[in-house]
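Participant: Letter by letter, the chains look like this.
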Amino acid sequence: MTILRQLFNNIALLTAKNKKLSMMLGIILFVLFPFALNNNYILHILIIVGIYMILGVSLNIVTGITGELDLGHAAFFGIGAYISSLFTMKIYNNFWLGLIIAAIVSFIFGIILGIPSLRIRGDYLAIVTLGFSEIVRYVLLNWQDVTNGPMGINRIPLPSIMGYRIGTKQALFYLVYALVIITIILVRNLSKSRFGRALVAIRENEIAAAAMGINVGYYKVWSFAISAAFAGVAGSLFAHYMSFISPMNFTSNESILILSMVVLGGKGSIIGSILGVSVLMLLPEMLRFVSMYRMLIYGIALIAMMIFKPKGIIPENRMPGNYKKISFIKASKAQEHEV
Amino acid sequence: MLFQQILNGLTIGAVYALVALGYTLAYGILGLINFSHGEIYMMGAFIAFTCISIFNWNIWLSLILAVVICGLIGIVVEIVAFRSIRHGARSSQLISAIGVSIVLQNIAMLTWSSRTQPFPQIITTKIIKINDIVISNLQIYILATAVILMVTLYLLLYKSRIGIAIRATSQDPDTTSLMGINVNKIISITFAVGSVLGAAAGILMGLYYNSIVFNMGYTVGLKAFVAAILGGIGNIPGTMLGGILLGFVESISAGFISSQYKDALAFLIMIIVLLVKPTGIFGTKEVEKV
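Protein chains in written order, with the working numbering: chain A, 1 to 339; chain B, 1 to 290.
I should point out that these hints are in silico values taken from the structure, not numbers from a laboratory.
Just so it is clear, CB atoms sit at the ideal spot from N, CA and C, and this is done for glycine as well.
There may be inaccurate statements among the hints.
[Unchecked claim] Partial list, derived from the structure: chain B residues whose beta carbon lies under 7 Å from chain A:
1. Ile33
2. Ile85
3. Ser91
4. Ser96
5. Gly99
6. Asn106
7. Gln171
8. Pro173
9. Ile229
10. Pro237
11. Ile269
12. Met270
13. Ile272
14. Leu275
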């Protein structure tokens, strides 16, 4: 263990010294990775992990930065998947247009879900999001003419760029991770912008934020909508990658899973979300050797992590220096109001 | 037809109300959404099934044993999963509860397999017909049991010393502990009481539908939670009415609108109710203080 830790520390030191070099190295490794590892099973898992990274990072906007519990993220994931695949199959076969329309439609549904947040708070809002997610699932299940009900939609076309079909797992890997990186950059910039600071202010103390002139309702609705739009993109990617979707993929269990990834990684921290997604997605795969008991161990792991690391693996680290000290002192008081 | 649906709704609603009381008790005392409560309901049904069908024990003994074991499971869950993060963030408590739910569900699946099991018929079904309304004796038993349990709970909470301690803890744990009450013990007792009610509901539902399966707790747990929210979570009479209201909504929408959308309608009505009254029908309005 100690040797490992030393090695890790050394690497961390090296990368801290040569930031540009290590970044270049990282990019080269990342680009070469799918070729070096010509294993479809592992690539498949990594692609799914990538799609969930988009979901986790986007849910982080609502749950981590704005501080509202959202148990309905899978609904937007599903809306994006269905809109994109129905659009490409029935109206016009263009993956990118489908992706954008999926994002827009999810965005609109995000506004619809955001509106109750103007009146309903805390746990009640969490349950409204859960209810919304269930309603969407029942509509997908029962609106047979459009969604094909529980049978789902199959033969969804693969993505394509300028007429070239992206068919191999390697190419799909690049596509998904390119979008993951774009999402991370956008969400990171968002959270550091004036907009993101307003959301943090709302999370820390709604009344104080309102007193500072922040239009609380407006920002909350926007955060729901933006988060939903990213989930729509993830849904579109999922649909075109898997080429088969059914309402079973978008249950409220899925929402809860995404939420646990964000909480486990550390609310408000983007790297935390990415790590949380990776851990919770890879854990069941790595536990395959215990077959029957893997979900049992998964559950125990969830409880254990919440008990021993209730703030997540990488807690949010906003603004170093004085701010941190002050927040440390007030931590015990702030906890009571934390979501 | 309408009367028949109301009767069916009342039966299901009574069961929802019993499960919902478990949510309300946990929420009232810890401010915690105990998502694992639905699994206690499932455990109750399965333990009763094991004692009666597999071990062939006396029926009353088995039922009491099932309920008591579930009460103990409730206490264990509270101590292991919630005690150390009692003052932590809401979301960590939620994830811990989900972890418990996964664990209990998988224990049930590994012990009793994932097949649907037949629940023992300990009461022979008789059907009473009044005009065109069909009442089965099971429905009457379910309603009677639910009413007895709810009255007992009411007496426990409002007429006994433990009840006073529970209510005091839910209002202010720190002051309560200064009054010489062991708050940890009271919280454990509250969880046990909630679990007992949940387990009883599981057994009643097993009798009513005749079949039990390892993941039956999830849907009922979710609906009972909706019922608790509808009535105003943390408020005991409100929760009871919320459960019955949800039962009505479900059976009436199944009978007159669409059976496929009955669950979706239940959620829709919940959202509308919350939009009108953000803390449920009987919920007390929270005054935000700066």
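Participant: Against the structure, test the hints numbered earlier, and report the numbers of the ones violated in rising order.
Facilitator: Of the numbered hints given earlier, those the structure breaks are 7, 8, 10, 11, 13, listed in rising order.
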